[in-house]
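Participant: Here is how the chains run, residue by residue.
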Amino acid sequence: MSAASPVVLILAWELVTRLGYVDTRFFPAPSEILQTAQRLLTDGTLARQVGISVQRVVIGFVIGAVPAILIGLIMGLVPIVRAALRPLVNSTYPIPKSALLPLFLLLFGLGEESKWAIIAVGTFYLVLINTMTGVLNIDPIYFDVAKSVGASSFLKLSVIAFPGSLPLIFAGLKLGMGVSLIVLVYAESVGTTGGIGYLIWNSWEVFQVPRMYLGIMTTAVLGLLAASALESLERLLVPWKQR
Amino acid sequence: MTESERIAIRIRDLTRWFLIKGRPIHALAGIDLDVRAGEFLCIVGPSGCGKTTILRILAGLDRQTTGSIEVVAPRGSAGSDGQPLSSVVFQEQSIFPWMRVRDNVAFGLRARGISRAVRTRIAAEHIRQVGLSEFADAWPHQLSGGMKQRVAIARALANDPHILLMDEPFAALDEQTKLVLQDELLRIWERSRKTVLYVTHSLDEAILLADRVLVMSQRPGRILRILDMPFDRPRTIRRVRSDARYGPLFNEIWELLRHNVARQPLAAEVPA
Ligand SMILES: Nc1ncnc2c1ncn2[C@@H]1O[C@H](COP(=O)(O)OP(=O)(O)O)[C@@H](O)[C@H]1O
Ligand SMILES: [Mg+2]
Numbered sequence: 442m443s444a445a446s447p448v449v450l451i452l453a454w455e456l457v458t459r460l461g462y463v464d465t466r467f468f469p470a471p472s473e474i475l476q477t478a479q480r481l482l483t484d485g486t487l488a489r490q491v492g493i494s495v496q497r498v499v500i501g502f503v504i505g506a507v508p509a510i511l512i513g514l515i516m517g518l519v520p521i522v523r524a525a526l527r528p529l530v531n532s533t534y535p536i537p538k539s540a541l542l543p544l545f546l547l548l549f550g551l552g553e554e555s556k557w558a559i560i561a562v563g564t565f566y567l568v569l570i571n572t573m574t575g576v577l578n579i580d581p582i583y584f585d586v587a588k589s590v591g592a593s594s595f596l597k598l599s600v601i602a603f604p605g606s607l608p609l610i611f612a613g614l615k616l617g618m619g620v621s622l623i624v625l626v627y628a629e630s631v632g633t634t635g636g637i638g639y640l641i642w643n644s645w646e647v648f649q650v651p652r653m654y655l656g657i658m659t660t661a662v663l664g665l666l667a668a669s670a671l672e673s674l675e676r677l678l679v680p681w682k683q684r
Numbered sequence: 002m003t004e005s006e007r008i009a010i011r012i013r014d015l016t017r018w019f020l021i022k023g024r025p026i027h028a029l030a031g032i033d034l035d036v037r038a039g040e041f042l043c044i045v046g047p048s049g050c051g052k053t054t055i056l057r058i059l060a061g062l063d064r065q066t067t068g069s070i071e072v073v074a075p076r077g078s079a080g081s082d083g084q085p086l087s088s089v090v091f092q093e094q095s096i097f098p099w100m101r102v103r104d105n106v107a108f109g110l111r112a113r114g115i116s117r118a119v120r121t122r123i124a125a126e127h128i129r130q131v132g133l134s135e136f137a138d139a140w141p142h143q144l145s146g147g148m149k150q151r152v153a154i155a156r157a158l159a160n161d162p163h164i165l166l167m168d169e170p171f172a173a174l175d176e177q178t179k180l181v182l183q184d185e186l187l188r189i190w191e192r193s194r195k196t197v198l199y200v201t202h203s204l205d206e207a208i209l210l211a212d213r214v215l216v217m218s219q220r221p222g223r224i225l226r227i228l229d230m231p232f233d234r235p236r237t238i239r240r241v242r243s244d245a246r247y248g249p250l251f252n253e254i255w256e257l258l259r260h261n262v263a264r265q266p267l268a269a270e271v272p273a
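In the order they appear, the protein sequences are chains A and B. First residue of the first sequence: 442, per this note's numbering; consecutive thereafter. First residue of the second sequence: 2, per this note's numbering; consecutive thereafter.
One chain only, chain A, in its complex shape:
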């Protein structure tokens, strides 16, 4: 059922291109894109570019998300830390991540590190803010229970704050994953010769329009797969949540 809307869209698109209602130089027919896909799949190009991109996203995402969860938990638990760091977070969060790419290129060069850095930053804020909100949304009664039995700070963090905020941590991870892909395609437009973003920008430069569309669609499919992977992980780690 959820597959129906894209299928209808693609069929309609195919129809209007076949009927000549649109300029096929800019809007190639889905069948043409499919042929390109077949070609790039058989010669291994697509798999190679996807592999490069996925590796960048996974590494950058983990570098961003893990500290974000830790800092977010501590900010949620400790009022002084929250008061100290919140202005810093609020003032740096709105800086467009694209504005940071030149800086990261300066700092880390053209290699993988600059891509990891920008993806990590894009992920970091969303996960941090959601994690902190998740802790603050935990009913204070649970911390009372912990205090009344003399639970240690570590136990409060690991057994109450962390599991209690997991639903919102996952909301942050899903948002962060979306931003990661957006930032990735942008980052791969500069000074690199690999990845989905490179495929898209390079196709544009050499006017390989079907290939450009293929890149865009591959990004969409990656987004879909990443979201469903995170959802599966959430079902595994948050089995107590009524759905």
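Hints are supplied without guarantee of correctness; some may be wrong.
[To be verified] In the SDA-like style, the derived pairs of lysine to any residue whose C-alpha atoms are separated by at most 25 Å in a straight line are:
no.: 1; chain 1: A; residue 1: K588; chain 2: B; residue 2: R57
no.: 2; chain 1: B; residue 1: K149; chain 2: A; residue 2: K615
no.: 3; chain 1: A; residue 1: K588; chain 2: B; residue 2: G114
no.: 4; chain 1: A; residue 1: K682; chain 2: B; residue 2: Q92
no.: 5; chain 1: A; residue 1: K588; chain 2: B; residue 2: G68
no.: 6; chain 1: A; residue 1: K615; chain 2: A; residue 2: L677
no.: 7; chain 1: A; residue 1: K682; chain 2: B; residue 2: A173
no.: 8; chain 1: A; residue 1: K597; chain 2: B; residue 2: A125
no.: 9; chain 1: A; residue 1: K615; chain 2: A; residue 2: A668
no.: 10; chain 1: A; residue 1: K588; chain 2: B; residue 2: L62
no.: 11; chain 1: A; residue 1: K597; chain 2: B; residue 2: K149
no.: 12; chain 1: A; residue 1: K588; chain 2: B; residue 2: R117
no.: 13; chain 1: B; residue 1: K149; chain 2: A; residue 2: N578
no.: 14; chain 1: A; residue 1: K597; chain 2: B; residue 2: G68
no.: 15; chain 1: A; residue 1: K588; chain 2: B; residue 2: S116
Quick caveat, the hints were computed from the structure, so don't treat them as lab data.
Got chain A; can you put chain B with the ligands on it based on the hints?
Facilitator: Here is chain B with the ligands on its own, set in the frame of chain A:
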């Protein structure tokens, strides 16, 4: 000194003020109380009179403004066995939604650093005592309200505290479930004979459960009177309710509360 003469909780001239939007609110006004070891003491009083506040101060979740409050551990046991002074069963739903029943019940033991094997055994025993053995691996959202409060009681008892603090634990339950749980609590308590401070707004519940009933005034909360409940143990709800002394006791407590409530301007419509 025999165990039943020992004082388990000693409260002296306890007061508590709160600041609400900059305005001081006098919640508790000079509470003096000795609770005997092994006693089941119920606190009744109008809502907002400071019942929860007393329990929270006793549990270390809040601090008094003046006065002293002391949970006295039996001689020889203090500190040495790691047995906690108090455990709380809260008024609100308080079992962790993200822990299975067995981990909820074992939580206090875990906080005390007791090994997994030992706490699993102790938790299983208390889960059985509240009749939830089949649900040891269930998640809280799979339980009814009454079962959740059973888990909360098992969690508090598994800690084996010197005193048990219960804050209207059955207030949110439907009438039938409440009756069943009251009988169960009587049965469990009569076996363990822990010192219990039990807050309720139900006069009936106080009479059924308590050795003594403490009646509090409107805010600022003061002790109006402490009454002895003469019913034999072991008790059941049916036996207490059909006892000839039940009605007069109920009326006596109600008179105390009614007069106190009637003095308040807001309660002017209460029929005399
Ligand atoms: N944390 C708090 N901050 C401000 N006022 C409080 C707080 N806790 C309790 N109070 C006030 O103290 C009074 C007694 O509250 P409480 O002990 O909860 O009453 P009860 O349990 O008897 O209904 C109430 O007027 C309440 O508004
Ligand atoms: Mg209360």
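Participant: Taking the hints in turn, state whether each one holds.
Facilitator: Hint check:
1. A:K588 - B:R57: holds, 11 Å
2. B:K149 - A:K615: violated, 32 Å
3. A:K588 - B:G114: holds, 15 Å
4. A:K682 - B:Q92: holds, 23 Å
5. A:K588 - B:G68: holds, 22 Å
6. A:K615 - A:L677: holds, 15 Å
7. A:K682 - B:A173: holds, 22 Å
8. A:K597 - B:A125: holds, 23 Å
9. A:K615 - A:A668: Roughly 6 Å separates the two Cα atoms, so the pair holds.
10. A:K588 - B:L62: holds, 7 Å
11. A:K597 - B:K149: holds, 21 Å
12. A:K588 - B:R117: holds, 21 Å
13. B:K149 - A:N578: At roughly 21 Å apart (the allowed maximum being 25 Å), N578 (chain A) and K149 (chain B) satisfy the hint.
14. A:K597 - B:G68: The hint is violated at about 30 Å.
15. A:K588 - B:S116: Measuring from Cα to Cα gives roughly 20 Å; hence the hint holds.
Comparing the model with each earlier hint shows violations of hints 2, 14; every other hint is respected.
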